[in-house]
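*Asks:* Listed below are the residues making up each chain.
Number of protein chains: 2
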Amino acid sequence: MGERIAVLGAGNGGYALASDLALSGYKVNLFELERFREFNLNPIEEKGGIERDGMRSGLAEMDVLTSDIEEALEGAKIVNVTIPAFAHTEFIELMASHLEGKTVIFFPLNFADVKLRRFIAEKDLGVKAIIAGGETMPYACRRMKRPAYIFVRWTFPRTRVAAAPAGDTARLMESTKGYPINLEPVSSTLEVSMAYENPLGHIPMMLLNAASIERTAGKWEIFYDTLVGGKEREGKPQRSQEKLIEAIKHEQSAVCEKLGFSFEAEPYVGELPSPAVPWSLDTYWSMTDRMNYRYLTEDVPYGLVTWASFGDLVGVKTPTLDSCIQISSVLLDRDFKAEGMTVEKLGFGGMTTKQVVDFFR
Amino acid sequence: MGERIAVLGAGNGGYALASDLALSGYKVNLFELERFREFNLNPIEEKGGIERDGMRSGLAEMDVLTSDIEEALEGAKIVNVTIPAFAHTEFIELMASHLEGKTVIFFPLNFADVKLRRFIAEKDLGVKAIIAGGETMPYACRRMKRPAYIFVRWTFPRTRVAAAPAGDTARLMESTKGYPINLEPVSSTLEVSMAYENPLGHIPMMLLNAASIERTAGKWEIFYDTLVGGKEREGKPQRSQEKLIEAIKHEQSAVCEKLGFSFEAEPYVGELPSPAVPWSLDTYWSMTDRMNYRYLTEDVPYGLVTWASFGDLVGVKTPTLDSCIQISSVLLDRDFKAEGMTVEKLGFGGMTTKQVVDFFR
Numbered sequence: 001m002g003e004r005i006a007v008l009g010a011g012n013g014g015y016a017l018a019s020d021l022a023l024s025g026y027k028v029n030l031f032e033l034e035r036f037r038e039f040n041l042n043p044i045e046e047k048g049g050i051e052r053d054g055m056r057s058g059l060a061e062m063d064v065l066t067s068d069i070e071e072a073l074e075g076a077k078i079v080n081v082t083i084p085a086f087a088h089t090e091f092i093e094l095m096a097s098h099l100e101g102k103t104v105i106f107f108p109l110n111f112a113d114v115k116l117r118r119f120i121a122e123k124d125l126g127v128k129a130i131i132a133g134g135e136t137m138p139y140a141c142r143r144m145k146r147p148a149y150i151f152v153r154w155t156f157p158r159t160r161v162a163a164a165p166a167g168d169t170a171r172l173m174e175s176t177k178g179y180p181i182n183l184e185p186v187s188s189t190l191e192v193s194m195a196y197e198n199p200l201g202h203i204p205m206m207l208l209n210a211a212s213i214e215r216t217a218g219k220w221e222i223f224y225d226t227l228v229g230g231k232e233r234e235g236k237p238q239r240s241q242e243k244l245i246e247a248i249k250h251e252q253s254a255v256c257e258k259l260g261f262s263f264e265a266e267p268y269v270g271e272l273p274s275p276a277v278p279w280s281l282d283t284y285w286s287m288t289d290r291m292n293y294r295y296l297t298e299d300v301p302y303g304l305v306t307w308a309s310f311g312d313l314v315g316v317k318t319p320t321l322d323s324c325i326q327i328s329s330v331l332l333d334r335d336f337k338a339e340g341m342t343v344e345k346l347g348f349g350g351m352t353t354k355q356v357v358d359f360f361r
Numbered sequence: 001m002g003e004r005i006a007v008l009g010a011g012n013g014g015y016a017l018a019s020d021l022a023l024s025g026y027k028v029n030l031f032e033l034e035r036f037r038e039f040n041l042n043p044i045e046e047k048g049g050i051e052r053d054g055m056r057s058g059l060a061e062m063d064v065l066t067s068d069i070e071e072a073l074e075g076a077k078i079v080n081v082t083i084p085a086f087a088h089t090e091f092i093e094l095m096a097s098h099l100e101g102k103t104v105i106f107f108p109l110n111f112a113d114v115k116l117r118r119f120i121a122e123k124d125l126g127v128k129a130i131i132a133g134g135e136t137m138p139y140a141c142r143r144m145k146r147p148a149y150i151f152v153r154w155t156f157p158r159t160r161v162a163a164a165p166a167g168d169t170a171r172l173m174e175s176t177k178g179y180p181i182n183l184e185p186v187s188s189t190l191e192v193s194m195a196y197e198n199p200l201g202h203i204p205m206m207l208l209n210a211a212s213i214e215r216t217a218g219k220w221e222i223f224y225d226t227l228v229g230g231k232e233r234e235g236k237p238q239r240s241q242e243k244l245i246e247a248i249k250h251e252q253s254a255v256c257e258k259l260g261f262s263f264e265a266e267p268y269v270g271e272l273p274s275p276a277v278p279w280s281l282d283t284y285w286s287m288t289d290r291m292n293y294r295y296l297t298e299d300v301p302y303g304l305v306t307w308a309s310f311g312d313l314v315g316v317k318t319p320t321l322d323s324c325i326q327i328s329s330v331l332l333d334r335d336f337k338a339e340g341m342t343v344e345k346l347g348f349g350g351m352t353t354k355q356v357v358d359f360f361r
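Residue numbers (our numbering), protein chains in the order written: chain A, 1 to 361; chain B, 1 to 361.
Isolated chain A (complex conformation):
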């Protein structure tokens, strides 16, 4: 009989991780907020599990489907939180007082550890837990239009993880030995959060394809067309896309360097990990039909803005990050620089680089 484990959040990432864990022998408690229950949990109940396809297929049965946080955490030693960064605060407030003795891992981390640690301290909860996270969701996946279904194109070859403080990372690795995904420990959760890679691919893709996204209303294979090169140019990915990714990566790396670790982003263009399922219109997902999509609304404020803000802290100029933030703000009529997660909002305002780095040790 397998170990009980919790997965909080039943979106794309939650479906992929919960099904992977269940098929690996874990007893999974899958939690979703009440307001998303009908869409995200009920179909699983009706079907008797999550139908998984692509890399690893099968019907993955969930042990508990719930919108009750206490029920979700009951008996689970590890709590996986698979939600976007803008929802972290809501989940932290829900679960913080129930985490005693548990390990909580955010996918992606996006500095949720800082927020959780501060919340526990400020509310004087006295909860002792291993607080950890991975750089991103370890799956390239989509739920498509079918109920209780997840298609996983590939699992990332590695996912950087760490605990905060860093001394807890060894225990984190011990407790996740049975995971079906390859977790690679790194120096600290600061390194993990800064290694969030989604903006690298997503933002150039959105900006340099804006006109096509709107014109075709999503009726084209944006990943295939841009990252692999499309039917016309298979194997010759878009040069502009590559240039913009490289420039963003370059500035991100320079900031990481000053924070004390070297960050080598995964190759993104033209060298995608071999997919288990070949690219084709039948098996791949259709793209967003609009610019107002999480590839910008999540990755700009919780990726570029955060990196640029750390750039200010450590004295590294980030003109390309700043430009992508500005143009995204113009296109979506928002002020991502003001909305986004910054050094100040994380509570590091006025600190030196050394003081910030020490916080994560």
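For the record, the hints were derived by calculation from the structure and aren't laboratory data. Model, not experiment: these values are computed from the prediction.
For chains that are exact copies, the list does not tell them apart, and a pair is met inside one copy or across any two.
Below, in silico cross-link-like pairs of lysine-lysine (DSS-like), each with a Cα-Cα straight-line distance of 25 Å or less: (1) K27 / K177; (2) K128 / K345; (3) K145 / K47; (4) K317 / K337; (5) K317 / K354; (6) K258 / K354; (7) K177 / K128; (8) K47 / K27; (9) K337 / K249; (10) K258 / K317; (11) K102 / K27; (12) K128 / K102; (13) K177 / K102.
Guided by the hints, dock chain B onto chain A, whose structure is given.
*Replies:* Same frame as chain A, but now just chain B:
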């Protein structure tokens, strides 16, 4: 017998203006640099004129086809210079000493008046001429692939012009009474140069379509698809494109306001002047197949960079201009900010706004 007139530069704009003037009864001297003669002049000689189609058609005979600047200017009271801004210095050096008593009009102006006035003063040439310019080429046109052929989709409803100093503008208007295009006098050549509109449409179009331009290698109708909305969305132009155009226009206008004139750019998206020839793949031009194209290589350094530099002078922030400059630089591996035309390069370094404005009076 018509008045003799010179057109210098035999590209798209030169073909359109020279043919328009010839069909209106002028005797046209068409000049092209020796190194472009074979491609730009010889086909006209072989065909016996420029074949013009679209708005106004006919075979427009040229009186003189030459690569000799003295022959080109001989007997011509008005000299029209139809070349991109990066070539201005070369043409100014060629023609400056032959301009006595003539009117020279640059299409587009792009501050060529400042360069010419400085050149005449620095070389102590003592040449007296009316130095003037229009905001842009008054035609939307392409030579397509046929020799000695120009297709003019439409003639702009008005083209802002002025002379430098501004007191000469009345004489400019008098001498261009016979022009087949509608020239509208404005306050000064500063206003004309700042009214260069190409960057508004071209740059958002290039950046927001980068992936498609490269993927399809130009095999789509970018103007039709982006500005009119394409087959899928005719009449509903791209929202993102519109947003970016508006943001650029907003910053450009703010700079103009501080320079003492209000600049109302032509509507660009969804309200294009009714074309004489309907949009269709047969009659319209095919788009560039690459990002390394004058819509960026001309319009970023001689448009956005210049406007941003005047923004610095007058104390107006230009984050969207700066962002488009940066991203264009990244995509083309260039430093447009360093290459482009700035207040300093125009010789206004260290001047106050008032001193600069006075220079154009």
